[in-house]
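Go by the hints and put chains B and C onto chain A.
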Amino acid sequence: MSIESPRAAAWKKLPLKERYALLTRDLDWEPSYIDREQLYPFTRYEGIKVHDWDGWQDPFRLTVDAYCKYQAEKDRRLYAVLDGFAQGQGHLTLSDASYLNSIKLFIQGVTPLEYAAHRHFAFLARHLEGPGPRFAALCQSIDELRHTQTQIHTISNYNKYYSGFHSWSKMHDRVWYLAIPKSFFDDAMSAGPFEFLIAISFSFEYLLTNLLFVPFMSGASFNGDTPTMSFGFSAQSDESRHMTLGLEAIKFLLEQDEDNVPIIQDWVDKWFWRAYRLSGLVAAMMDYMLPKPVMSWKEAFELYFEDQMLGGLFPDLDFYGIRPPRHVDDAIAEKEHLSHQVYKILHNFSSVAAFTTKTPDHVHLDWLSEQYPGTFDIYYRPTWEKHQRIEAGGGRMFVRGLPQQCQVCQLAISFTEQDDRRKISFRRSEFRGETFHTCSDGCKWIFDREPEKYVQAWLPVHQILKGDCGGPAIPDVLAWYGIQTGDNGEYNGSPDEQFWRAWHDPSLRHGE
Amino acid sequence: MNAAHRQVSIDVQESEENRVLIEAIEADNPAVTIRHLPGLIKLQAPGQIVINRESVEERLGHEWETGEFQLAIVSYTGNISEWDDDQIIVKWEH
Amino acid sequence: MSVKALYDYEFPSMDRAKLFGEDLLVYVHWEGNPIFCSAVCFRVPKTMPFGEFVTSFVVPWAESDPDFDHEAMKHWRIFDELLDVADNKSLADLGIGHKALLTFAG
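Chains as they are written, first to last, in our numbering: chain A, 1 to 512; chain B, 1 to 94; chain C, 1 to 106.
If we strip away everything but chain A, and leave its shape as in the complex, we get (with noise of 0.2 Å):
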C-alpha cells in the first residue's frame, strides 16, 4: 500500500457523484469571443436536434483519477499474462496450430478498426457539445488504443512461430477479405458525428458486441490461447462502459426531441444491418474456424441477439418509438445458413488469404449436423463430402477467379433466397445509368438510401481487374496485398501445420 496524502484522502471522500460533478461539467465553460456554432460546426447538419446537453449522464461516473487507476490495473494483470505464456512456450500448448486462422484474422481485420475508433472518438471528444459525451468519447479514445497496442503485443508473439502475423496493416487496407470491415467503419467515420455514435457505440458495441467480441475470447479459451482471450477481456471490460455510451447516446437523442425519432430509426436500421453483415466473419469463425467450438453461430445470436436484444432491448426502447430494425427477420430465418455461406467463401478462396482454410472432417460435420439439424445435411453436408472426395484424390478446389462483390458489405454476394435456399439472393440497383450489384435486400435498402455515398466503393475485385493492384496476375496481387507463400491456401500440409507436426512429434525432429 502506498501513503496516501491529507489532500488525497479526502478528496478520495467526496461521493462518486460529486467527483464526477467536478471534473467534468464544472470543468466546462460558455464560448464567450465566439459563438457555439462556430465551436461546434458539425452537431447541426444531420437534422438531430438537441436542447440540453446537461441532459448526457454518463451512468459510469468515470473520472480521470479513477479512469488513470483502474485501466493501469487491468494492463498490469494482461502483461503478467503475456509473460507466463512466453515463458511457459504457450505457442505450443493451443488445441491445435489451426486455431491460428482465427487470431488471424482478428489481427487483420479487427485490430485496424480499433485503431480507426481511436481516430474517431478522439474526433468527437472535440466536436460533441456536452462536457459527459466529450470526457466519455476521450476515454472511449484512449481505451481503443490501448486495446490496438494490446492486441499488438499479444500476438506478436505468435509472429515469431506462425504464418500470415506480419503485415497486417497493410493487408487491412488492401485485401479483399479485410474491405469487409475496413468499408464498414469508413462507413461510419464518414458519416456525421451522431450517426456514428449510432453506428458504432449503440449498433456495433451494444447490439452486436457480444457477438462480434466474446466468441473470439471465449474460442481462445477453450483452444488454449490465454494471451488473447485476457485482452479480450480486458478489451471488453472498457467495452462495457463503451455500451453503456451507446446506450446512453441513443435514449439521450431520442428524449431530446421527437423530431430525432425517425432520424434515429433509420440509423438504426442501416447500422444493424451493416454490423450483422459483418458478423458473417465470426459466424465462419465460429463454426468452423475453432478447432474445439464454443457454441454454434445459431445458438449464440438466439442467446446474445433474440433473447437480449431483441427479447430485452428493443421492448425498451419502444418507449421512445423505436422499433426492431428493419430486416432482422431477414436475419433470424438466416441464422442456420449465415456461417455456412460465408466459410464457403473463405474456403474457395484462401488461396488469395492471409489465412488457410480446410474442408471440415467428419467429426466437424457431425458436430455442424447437430447443431443444425434442419437444414446442415440437406444443404452444406453433400457439398464438404464433393470437397472431401476431391481432396481424397489429391486435389484440392480453389476458385481460379474472382468473385462479385456486394457494393455495400463487400462480401461475395453467396446468400440465398429465403423461400428457397438454393438460390442465390442477387439485388440490383440503377443509378446515374450504371448497375449496381447487393447481396440481399437489407443492403439494397442500404444502397437506395444513399447510392452517392455507396458508388464511390473501393470493390478489391474491381480493383484488381483495374490493374490497380500490384499487376494484372495473381502473384503480382499477392506480392501487393503483402502475402508470402505459405500464408495463404490449404491448411494441410501448410507450414504451420508441418511446423505443428514436428514440434508435437519428436521423431520428425531430425535436422531441425
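Some hints here could point you the wrong way.
Footprint (simulated), chain A over chain B, 3 or more residues, beta carbon under 8 Å [as the list claims (entries may be wrong)]:
(1) 19-28
(2) 31-41
(3) 45-54
(4) 79-87
Calculated directly from the structure, the hints in this document are not laboratory data. Backbone N, C-alpha and C fix where the C-beta goes; we use that ideal spot for every residue, glycine too.
Structure of chains B and C alone, referenced to chain A:
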C-alpha cells in the same frame, strides 16, 4: 413483457476474486441464474441485478470500491440505472 | 433520400464504364452449383465473340469444379431474361453491358 420480467445479464471474467463477487451477487439477487462459458460467468435475472458494496466487502474481508467492478465486467445487457459509492443497479427502465 | 453533408456531395462512381475503356466487367453465375460460393467477375473486351468468351474465360473458371462438363452448359440468361447466345456474336451485339450478370445451368 414489462421491465420487471425481462432478463438482464452481466458477464464477468472467471477469476478467484470474482468468485467472491458472484457469491455476493447471488446472495443479494435470489432470482439470478448462472451459466459457465469458457473463461466467463454469465449472470442473468428477471428485471434487475443489484451489486452492493457492503455485501462484497463482507465476503472479501477488505475494502472494495464499486469502481473496481470495471475490472470484473466483460459485458452486460440492460441499462446501468445506478452506479454510486454503495451500489450498482442494472435494470430495464421501461 | 440523399447524403447529408456540409457541402455539395457530388462524386463519380468508382467503377464507371468509362474507366474500363473498350472492356466490360461481366459476372457469370453457375446456377445451382454450390461448390462455387458466388458468381465470378471478368474484365472482357466488348467486341469479344461470345464463343471465345466462354472458352477463354468461363470454362477455365468453371473447371475449378472437376465435375464441370462444357457440353452441358445451357439456359443462358442475362439478369432475369433469356439470352439467345451465338458463338460468333460479340458481347456488345448480344446486349451484354457493363456489370451485367449472366447465368447458365450446367
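**Request:** Can you take a look at whether the region 31-41 of chain B is actually covered by chain A? Rule is 3+ residues, C-beta closer than 8 Å.
**Result:** Holds: 4 residues of the region 31-41 of chain B have a Cβ under 8 Å from chain A.
**Prompt:** Has the region 19-28 of chain B got at least three residues whose CB is nearer than 8 Å to a CB belonging to chain A?
**Reply:** violated (count 0)
**Prompt:** Taking 8 Å as the C-beta cutoff, is the stated coverage of the region 79-87 of chain B by chain A satisfied by three or more residues?
**Reply:** As far as the region 79-87 of chain B goes, the hint holds, because 7 residues have Cβ atoms under 8 Å from chain A.
**Item:** Given coverage of the region 45-54 of chain B by chain A, checked by CB-CB distance under 8 Å (3 or more)
**Value:** violated (count 0)
In summary, the structure is inconsistent with hints 1, 3 from the numbered list given earlier, while agreeing with the others.
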